[in-house]
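Asks: Sequence:
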Amino acid sequence: MSGFTDAVLTARRRKGGRPTRPAGPMQRREARWGYAFISPWLIGFVLFWAVPIGASLVFSTLDFQLTDPDATSFVGTSNWERALSDPDTWTALAATFRFTVLFLPLSVVVALGLALLLNSKHLKFTGFFRLLFYAPSMIPLVAGVLIWQQVLNPQTGWVNRLIGLSGIDATGTDGIRWFDNPILVLFAFSFIGLWGIGNAMMVNLAGLQGIPTELYEAAEIDGAGWWRRLRSVTLPMLSPIIFYNLVIGSVAILQYFVVPWVLFGATGRPGGASRFLLVHFYQQAFVFGDMGYGAALAWLIFILVAVFAGVLFGTSRYWVHYGTER
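Residue numbers for the sequence shown follow our numbering, so the first one is 13 and each next one is one higher.
These aren't lab readings, by the way, just hints derived from the structure by calculation. Even glycine gets a Cβ: it sits at the ideal position worked out from N, Cα and C. Please note that a few of the clues may not be correct.
Unchecked claim - Quick list of the computed label-pair ranges, beta carbon to beta carbon:
(1) Ser90 with Trp61: 42 to 50 Å
(2) Pro224 with Phe60: 41 to 49 Å
(3) Pro248 with Ala67: 38 to 46 Å
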């Protein structure tokens with residue numbers, strides 16, 4: 013251990029390839045204390061992350077049933093082939109893709125719009141409105157889903173009643189049924205998601221308040237209006253925050269589970285629109301007890317998340333601008 017520590021410390025002290033003096037007892041002691049302090053995290057990472065991840069990869073090659081673990085057998089890539097040929101997997105992938113296309117850009121735009129509104133110098137009682145928009149994100153998600161189930165009720169929900177004020181028959185027998193239509197249910201999921209958008213809004217608000225005011229003053233001197241300042245100053249300076257929200261939002265959507273499960277369970281109704289990838293995985297692994305197939309589905313979700321994140325990181329150099337860059 014001491015040899016490794018000496019090598020690390022010596023390498024860190026090299027400048028221009030010139031050798032440096034070996035680390036003394038004080039440096040080695042500091043390094044050992046550093047390893048001692050991070051050892052709880054390393055042990056937790058190995059036991060609760062690395063080992064389960066490796067075990068799930070092994071399970072994906074096995075026919076492992078929770079109801080009969082003694083009959084476990086090696087099946088190679090059969091679970092992966094089954095996952096790629098299963099119609100339910102493609103239904104879940106399609107539902108996840110449709111919701112991602114709808115909700116991800118909507119959530120980014122709404123969070124940014126609310127942050128711009130709350131950062132306006134013309135808005136009064138900003139503290140109250142910030143609390144008002146942030147508070148729903150503190151409500152437990154299951155409770156929020158049950159609240160919105162009543163808000164979107166076709167007969168008594170206030171959303172349909174407000175729509176009915178415009179003359180549309182929204183609450184009758186032919187009224188709007190948000191949870192019975194494969195297209196409308198995606199908007200219902202979006203309403204529930206936007207209700208808890210307070211965290212993304214606060215991150216955007218913090219980013220807006222970190223933009224130097226000198227940039228806006230210079231733009232005003234040059235005659236730039238509000239829209240030009242938004243395009244040329246606000247969005248470029250806020251692009252790292254937008255990028256962060258896109259990455260976090262895409263990962264969250266690909267792991268979307270609680271809302272469709274509370275509303276519909278594993279039924280997939282209406283028309284398979286609520287059978288998201290994680291719902292499909294949970295049903296196979298923990299309802300049917302097919303852990304081998306479930307592990308293959310979990311790795312499929314992981315690969316999709318990695319690919320999506322890789323695309324975002326790969327394209328970020330073309331539109332994400334940092335303050336230290338030219």
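Asks: Is 41 to 49 Å a correct range for the gap between the Cβ atoms of Pro224 and Phe60?
Replies: holds (42 Å)
Asks: Has the hinted range 38 to 46 Å been met by the Cβ atoms of Pro248 and Ala67?
Replies: Since Pro248 and Ala67 have Cβ atoms about 45 Å apart, the given range 38 to 46 Å holds.
Asks: For Ser90 and Trp61, compare the CB-CB distance with the range 42 to 50 Å and indicate the outcome.
Replies: Hint violated: Cβ distance 27 Å, outside 42 to 50 Å.
Taken one by one, the earlier hints fail for this structure only at number 1.
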